[in-house]
Amino acid sequence: MIEEIKKYREEASAAIEAASSLVELETAERSHLGKAAPLQGLKKSFGSLPPEDRKTTGMALKEANVSLAAQLANKKADYEKAERAKQLESERLDLTENTEALRVGRSHIITQAMQELEDTFVGMGFNVAEGPEVETDWHNFDALNIPVGHPARDGFDSLFVDYGAPGSTLLRTHTSPVQIRTMLEQKPPIYVITPGRVYRRDTADATHMPVFHQLECLVIDKDISMAHLAGTIEAFTTSYFGDGFTSRLRPNYFPFTEPSAEFDIQRPDGSWLELGGCGMVHPNVLKAGGIDSEEWSGFAFGFGIDRLASLKFGVTDLREMFSNDSRFLAQF
Amino acid sequence: MKIVLSWLKEFLPQGALDSFSNEEIGDVFTSLGMVTESIDTVGVSLDGVVVARVREITPHPKADRIRLVSVDAGLDEPLQICCGAQNFAEGDRVPLATVGTTLPSGMEIAARKMRGEDSFGMLCAAEEVGLGHLNDEDGLFILDEELTVGEPLQQALNLSTDSVFDLDLEGNRPDALSVAGVARDLAAKIGVEFIQKKPIIAESARQASEQASVAIAAPQKCGAFAVRVLENVTLGETPQLMKDRLAAAGMRSINVIVDISNYVMLELGQPNHAYDLDLVPQGSLGVRLAKDGEALTTLDDIKRTLIADDIVITNANDEAIGLAGVMGGASTEISQTSTRVVVEAALWDQMTIAHTSRRLALRSEASTRFERGIDSAGVELALDRFCELAAELCGAEIAQGVVSATGEQSPAPVVSVRPARVNAYLTSQLTSEEMQAMLAPIGFETVNQDGDTFSVQVPTWRPDSSLEVDIIEEIGRHWGYDKVAKATLTPAQSGGLTLRQKNRRRLRQTIQGLGFTEAMPMPFISPEDLEAAGLPTDKIISLENPLVHAESILRTSLLPGLLKSIAYNQSHRNGVAQFYELGKVFEAVNGSDDLPNETLTAALCCSGCSPGDNAAFKAVSWLHALADQLHVSSLQIVNEPIAGLHPTRSAKIVFRGKTLGQVGEVDPSVLEQYNVSDRVAWLQFDVEPLLAALVKPPKQKTVSRFPSSDFDIAIVVPNTVDAQAVKATIGKACGELAVSVTLFDTFRSDSLGDARSLAYAIRLQAQDRTLTDDEAATVRQNCIDAVAKKHNGTLR
Numbered sequence: 023m024i025e026e027i028k029k030y031r032e033e034a035s036a037a038i039e040a041a042s043s044l045v046e047l048e049t050a051e052r053s054h055l056g057k058a059a060p061l062q063g064l065k066k067s068f069g070s071l072p073p074e075d076r077k078t079t080g081m082a083l084k085e086a087n088v089s090l091a092a093q094l095a096n097k098k099a100d101y102e103k104a105e106r107a108k109q110l111e112s113e114r115l116d117l118t119e120n121t122e123a124l125r126v127g128r129s130h131i132i133t134q135a136m137q138e139l140e141d142t143f144v145g146m147g148f149n150v151a152e153g154p155e156v157e158t159d160w161h162n163f164d165a166l167n168i169p170v171g172h173p174a175r176d177g178f179d180s181l182f183v184d185y186g187a188p189g190s191t192l193l194r195t196h197t198s199p200v201q202i203r204t205m206l207e208q209k210p211p212i213y214v215i216t217p218g219r220v221y222r223r224d225t226a227d228a229t230h231m232p233v234f235h236q237l238e239c240l241v242i243d244k245d246i247s248m249a250h251l252a253g254t255i256e257a258f259t260t261s262y263f264g265d266g267f268t269s270r271l272r273p274n275y276f277p278f279t280e281p282s283a284e285f286d287i288q289r290p291d292g293s294w295l296e297l298g299g300c301g302m303v304h305p306n307v308l309k310a311g312g313i314d315s316e317e318w319s320g321f322a323f324g325f326g327i328d329r330l331a332s333l334k335f336g337v338t339d340l341r342e343m344f345s346n347d348s349r350f351l352a353q354f
Numbered sequence: 046m047k048i049v050l051s052w053l054k055e056f057l058p059q060g061a062l063d064s065f066s067n068e069e070i071g072d073v074f075t076s077l078g079m080v081t082e083s084i085d086t087v088g089v090s091l092d093g094v095v096v097a098r099v100r101e102i103t104p105h106p107k108a109d110r111i112r113l114v115s116v117d118a119g120l121d122e123p124l125q126i127c128c129g130a131q132n133f134a135e136g137d138r139v140p141l142a143t144v145g146t147t148l149p150s151g152m153e154i155a156a157r158k159m160r161g162e163d164s165f166g167m168l169c170a171a172e173e174v175g176l177g178h179l180n181d182e183d184g185l186f187i188l189d190e191e192l193t194v195g196e197p198l199q200q201a202l203n204l205s206t207d208s209v210f211d212l213d214l215e216g217n218r219p220d221a222l223s224v225a226g227v228a229r230d231l232a233a234k235i236g237v238e239f240i241q242k243k244p245i246i247a248e249s250a251r252q253a254s255e256q257a258s259v260a261i262a263a264p265q266k267c268g269a270f271a272v273r274v275l276e277n278v279t280l281g282e283t284p285q286l287m288k289d290r291l292a293a294a295g296m297r298s299i300n301v302i303v304d305i306s307n308y309v310m311l312e313l314g315q316p317n318h319a320y321d322l323d324l325v326p327q328g329s330l331g332v333r334l335a336k337d338g339e340a341l342t343t344l345d346d347i348k349r350t351l352i353a354d355d356i357v358i359t360n361a362n363d364e365a366i367g368l369a370g371v372m373g374g375a376s377t378e379i380s381q382t383s384t385r386v387v388v389e390a391a392l393w394d395q396m397t398i399a400h401t402s403r404r405l406a407l408r409s410e411a412s413t414r415f416e417r418g419i420d421s422a423g424v425e426l427a428l429d430r431f432c433e434l435a436a437e438l439c440g441a442e443i444a445q446g447v448v449s450a451t452g453e454q455s456p457a458p459v460v461s462v463r464p465a466r467v468n469a470y471l472t473s474q475l476t477s478e479e480m481q482a483m484l485a486p487i488g489f490e491t492v493n494q495d496g497d498t499f500s501v502q503v504p505t506w507r508p509d510s511s512l513e514v515d516i517i518e519e520i521g522r523h524w525g526y527d528k529v530a531k532a533t534l535t536p537a538q539s540g541g542l543t544l545r546q547k548n549r550r551r552l553r554q555t556i557q558g559l560g561f562t563e564a565m566p567m568p569f570i571s572p573e574d575l576e577a578a579g580l581p582t583d584k585i586i587s588l589e590n591p592l593v594h595a596e597s598i599l600r601t602s603l604l605p606g607l608l609k610s611i612a613y614n615q616s617h618r619n620g621v622a623q624f625y626e627l628g629k630v631f632e633a634v635n636g637s638d639d640l641p642n643e644t645l646t647a648a649l650c651c652s653g654c655s656p657g658d659n660a661a662f663k664a665v666s667w668l669h670a671l672a673d674q675l676h677v678s679s680l681q682i683v684n685e686p687i688a689g690l691h692p693t694r695s696a697k698i699v700f701r702g703k704t705l706g707q708v709g710e711v712d713p714s715v716l717e718q719y720n721v722s723d724r725v726a727w728l729q730f731d732v733e734p735l736l737a738a739l740v741k742p743p744k745q746k747t748v749s750r751f752p753s754s755d756f757d758i759a760i761v762v763p764n765t766v767d768a769q770a771v772k773a774t775i776g777k778a779c780g781e782l783a784v785s786v787t788l789f790d791t792f793r794s795d796s797l798g799d800a801r802s803l804a805y806a807i808r809l810q811a812q813d814r815t816l817t818d819d820e821a822a823t824v825r826q827n828c829i830d831a832v833a834k835k836h837n838g839t840l841r
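As given, the protein sequences belong to chains A and B, one line each in that order.
To convert a position in the first sequence, counted from 1, into our numbering, add 22.
To convert a position in the second sequence, counted from 1, into our numbering, add 45.
Just chain B, same shape as in the assembly:
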């Protein structure tokens, strides 16, 4: 809301703000919760423009359209100015923009040469110094010859400037969407009287009710609907002051009647609308819900299609002539020829106006106010103020009486306030009387008192207030939030992260230690992204109202987002991308009313691998490292094709009987879809089961003090048997003595057929003795036998 200072002062005692600078006034607004975003000076500011007298005019030696003008600007020497205007003569007084001046257009005046002749400034037209409203002649602004030469023009013409405060208002302050409302709050805070003048109107003998009638057919949506009738209206020029104030508030001048209507709205916060009464058959105005599909052309000449939730104003033929609370209709618009005017002010349902305005993307000054809730008792005051101004500016005769109808209105509540509660909240030490003295000036009048406890009537312009805490806030605002003490909190508990949260940090640290940097792709993708990644599109959750199609579903995997990130970095030649992400993926749960599945998922990827690099093995190493750090020993890797991954280089990860994730290399055809070159190693898993697994610190196992026995065995096993199974068999055969079973070589050759040789290094060790050669040999044989029996393996 833009508040014009001179307008604001009309509601305060003379001189009430004299001791305040603009910045101080702005600070008071901010302290009241009306944040001063900016303070601007409006009106003409003519720094550098002075009154000059034309001494002599001579032709320019090299140009026909420019003359050399010698002016007296009150300096010791005359100045030479090159000037293209022709409408002035020697002896005239004209405005001179001196060197260094910035004109309202932004033009900066500098000393310059024009076709070889010096020019020390610019002689100006009225328009050029922002005074177009004072003089619209072509050519220079010829000033009164009484003016003193050399005097600043601003001072010479007695031009004033005004200040405009741009206030950022919150949804709970509908009253502050008016000059009067802001003035009321300010007056209370600085301890001066708030002056609301009652409009003075002289009514004619003719009855308004003979010329206009109103009816409400939607009483639950319209609390009040009232009109006044004005006759013999002459549409003259809108006074400059009114134009300036409207402009400062960001509104355009249309014609004097519309300007008055807007002026009253800005001043009192009550939107109102003027109709050309001659275009309203029988002066009959009605209120009803719109019909689905009903059409209405609004004042902006746009045809709007309405729905049954909108409210319309109708004429005698039940035709919609206005969109209630949002915008008037084009058919009854005031024109220069209008002589009879009916002005209407109403009280509309907040939610209805909000929905209509949002649905039609049509936000007006009126809808903004109705949405937040206007003063439910302000309708007649606004009509009277309108009539007062129309009588003064348009010579309007005001017909007798207000024609009105009322619908449903909820009365403003009475709220009981316990001073002890107030002081406990604010840590203030105010007495009941002091509190009441703060509330009364902003309209919260005490209506009842019981000991310290008192009850206040909530004013009609504060529809947001209904509870004791609302009143506490009002007292707090006017007492001053800056007086609230700063007390130290003393929680009885000691703070901390849960074990799960600590484990999550440990997981992150481990991943980062392995060289991965955290990426944060958007969690929104498109169905096409999933298809391109070879991922299923069932179970997806779509946004009902996405901003763009590319961000229309929630991800079901971290793969698309990370592949896009890799592609981005490759296209910028940023080298190998080694990223991880820790974020949620989302899946619909069929037949459940609960929320969808949200799974905290981690993914690790590394670009720039070649087919021979064995990216999948790399990814498996990451997994083993994570398992080691999180003390998880029972992860199973099950070779199988995984959607989106290389079909013969992928595996699922199984933990405690459930699928935990996937590991391998991204399918090269998926990479192609995402414009990723080279190969990408990939690991993705559910995080929560791992976080839940590490519940106790690992217990120390005593390191044996006896020497170990080491031997290698190479066993040929069919390709169908995976190495993890062979290792498990050997481990079991070694029994308690096994310290480690490490696959150190794999050998494939044609001679081995559909099998390969796996070479294991085995270390045995006992806690209590040095193993004999015989013992080691027995274990070795056990291993060979077990692999032969279980996997059809043969010693190589």
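Extracted from the complex, chain A is given alone in its bound form:
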């Protein structure tokens, strides 16, 4: 019987080897390894073997089956692999054909600049304060040491609205009223920035818009000096613009600060850029905010966000920023 096993095994092995497709392989499996296959039929004749041969014969049969199953599996795997390869080949794509960019929105460059500035100041220990855009003349002027009759208060620079008593309500001309509101709501120490939208009666041109954005920084604490002002501007400058930038103060005038200064930043190439105004909070302003100027002192500085954004992104005409042309907006 051992001879028969060997013979059938060779026949089956040859059939498996000869199969040239998955279908033929399955046919070969049925006819040589199926229940009806002659190799399997040998089991029935086991009873007729002498008992001493049964063990070796059984082992030979089992070994043949295991070997054939392995051969079959290998062969099958080869065919499956080839078939998959064929299928994949038929699905070939040129991925460079697709150039569609999924539409992801973005914020306006002014918003981008504003958030970056907020993050910079938050990192320096500041909170962010906000206030209304339509303001009382008291918050926008009187409280900021700009008395009635001051030229800044007439209708040439400011946009007044038909609300309340005539001349009492206007679109804020700076974010400084938020300083007053903060002082009135919160006891010192105060460390806030006040980013926001402001309005001036300016005809739009490359460097002016009737609507623009400002950021002011207000500190009120014990023993605040001009050195803190200069140091904070310097810290902001290096933190926002990067290493190699520095800053300086030079005398200037604002009604709401005294002493007042203009601050410039110096680029790494040595050129100077006028950035904004600053100074020690005027005693009259502290008084309007309910703060004793003998006990507390403070500084404030402010600058235009739009201009900063235009410098950063190389925008040469401020009007572009408000054109809402998607070809412009999509660049940043």
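None of these hints come from the bench; they were simulated from the model.
There's no promise every hint is true.
[What the hints assert, rightly or not] Listed below are the simulated EDC-like cross-link pairs for lysine to aspartate or glutamate, each with C-alpha atoms no more than 16 Å apart in a straight line:
{"id": "1", "chain 1": "B", "residue 1": "K348", "chain 2": "B", "residue 2": "E378"}
{"id": "2", "chain 1": "B", "residue 1": "K584", "chain 2": "A", "residue 2": "E51"}
{"id": "3", "chain 1": "A", "residue 1": "K97", "chain 2": "A", "residue 2": "E51"}
{"id": "4", "chain 1": "A", "residue 1": "K209", "chain 2": "A", "residue 2": "E140"}
Because the structure is a prediction, the values reported are computed rather than measured.
Based on these hints, arrange chain B on the given structure of chain A.
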């Protein structure tokens, strides 16, 4: 303010600025708060122009009006020049602009051919080299024959140039609106003496008071009013130096008397005015408030209508002859025939002059100075300086005495200064004495001393200073802002955004993630914009003084601005505009004295939709996405017509019982008004309630480990019942087991009549067990029953 260097030097010791370059002087000005905007060279600069001698003149072979001139310009070879002038002869010396020279007119001289003949330069008339004042003959400027051939003309004629510093001055430095004031500040900073010469005048025997009188009828508006009388005035030519200095400061030469008046103003900062005394009856000058509607023709020959807030100068007949502090009147103007002059200097109320000048849009050098506040003690000095110059230049005889009247004046204050306070502000370590030594040269003289503390008298030319901090600024300026240390701030608090501010950023990020780009339309619109958008025009807030009508009201909705942006992009063929805006809208609150309602509003829009695209559904999807990201689950959508939106494709959004916003598609007729083609999906809502809603991070719900049971039901419900209500009913019927109720199909047909079929996919799941078929079947039946009962729905 334009400061002429040679003029400035008249107030400084000889040679005080010799060691400074112009740039260094400019830097000192800037360090004092007088920002040097530019430094220009004025006067003739004749680089490239040399003295040439005419050797030979021959006719041009091809032109009658041009001759060929051979000149000796000091070079090895003579030069040939083509020249059209006829007024010169061989041997004459004339100016030659050599090749490469740029003439004052901007003309550049190049070697060229004229009708075939070479020309290596240009022979010039005086005018052409900027020397018109030296020679006004037609033709070439014939120079003195003693001049050396080949020498630069500038050197040959000993012509000098001057420098002009353009200083940007702040409102608190009225004193710097004068050469003397700038010189005083500069002298103190560089540690040299400031020299203010006292004018020297010889008065005649005749009394000024016999020829002129003054009276002030508005003492609260006029602190001082003074005149001097000049006789036998001869109006000759204004000296070139004076003309040049006036021109450098941006003023035109009129006649010598007016020029002197302007010169004194620029020099001392005190505006003053000269009248033809013979045109002033009895020499009587008065000051009073104008009458409403009173007319006055000013020097520029414009008839001005005045109001009772203006101040006028009047004659004996109470007629206005000048607009105080702004501009003189035409009726008493100085002319070439004037021989008797009365010169006036006064101190006017700052605010009054500011308002008059602004109201009439008439800004003059005088009004600029009065607005900021002039030296309250400077009136007589200016009159004397005027007389000194008029005597010298016009041979004027000065009548004896100043005729003056005074009104109300507030005395310059005395301010107490604590050196410790100064040093604390500036982080300086100055002694009291050092501070006083910085202040005295700029006029802040110490009047009292108590230990370290000292008091200074504020000078009359610094009306801006009245507090200790003002003095600290003066010390800081002269000590040097560049010496201020840079100290690190050490706030006790840690900075951060509020939860609301963080949520606002989260909202932005979500909107941007949905594909929207932020637009920033102007917040100003016109009432017509609102009407075109179908929006109400009550509650609008108008600007009192808009620049243009198109920007005359504050927006009450973000719709007009975004529609304009879409129209703009469509007209530029920029493709689909998918914009969002986050900004304030404004509404009047009736009967309130508080500020108007300002609502932080977000709007999302997408253009380019077709009617079949169902733009409104798209917009609703945005809303659901935002609600999901902000963890807001209780938004209600209520179908109803919304102003400006498609009447049958719009809904209001309700959150916690209040209207939050609107969603849908923009009304096609509104789009037509805005020239927008296709359809526009629209979502607009108040932002603050959503920002306030997300206060705590969401708590995790355990995901069930047991399999879900899923089934679908299709129910026919009347069209009047909205799908949101059906979904809510089904959700409730499923109870705790409901994981999701999803509308996956809507079917309408004639056979269903006034109803439609809504198909829902329902997923049930329990936390603690696998649901049995029976349990699912029960829930399913509950759903069907509930919809039948509540909405008259039937299983399809």
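Would the pair A/K209 and A/E140 pass a check requiring their Cα atoms to be no farther apart than 16 Å?
-> With a Cα-Cα distance of about 22 Å, the restraint between A/K209 and A/E140 is violated, given a limit of 16 Å.
Does B/K348 pair with B/E378 here, judged by a C-alpha cut-off of 16 Å?
-> Given pair B/K348, B/E378 holds - Cα atoms ~15 Å apart, limit 16 Å.
Going straight from one Cα to the other, do A/K97 and A/E51 come out at no more than 16 Å?
-> holds, 11 Å
For the pair we were handed, B/K584 and A/E51, check the Cα-Cα distance against 16 Å.
-> Violated, at about 88 Å.
Checked against the numbered hints above, the structure violates hints 2, 4; every other hint is satisfied.
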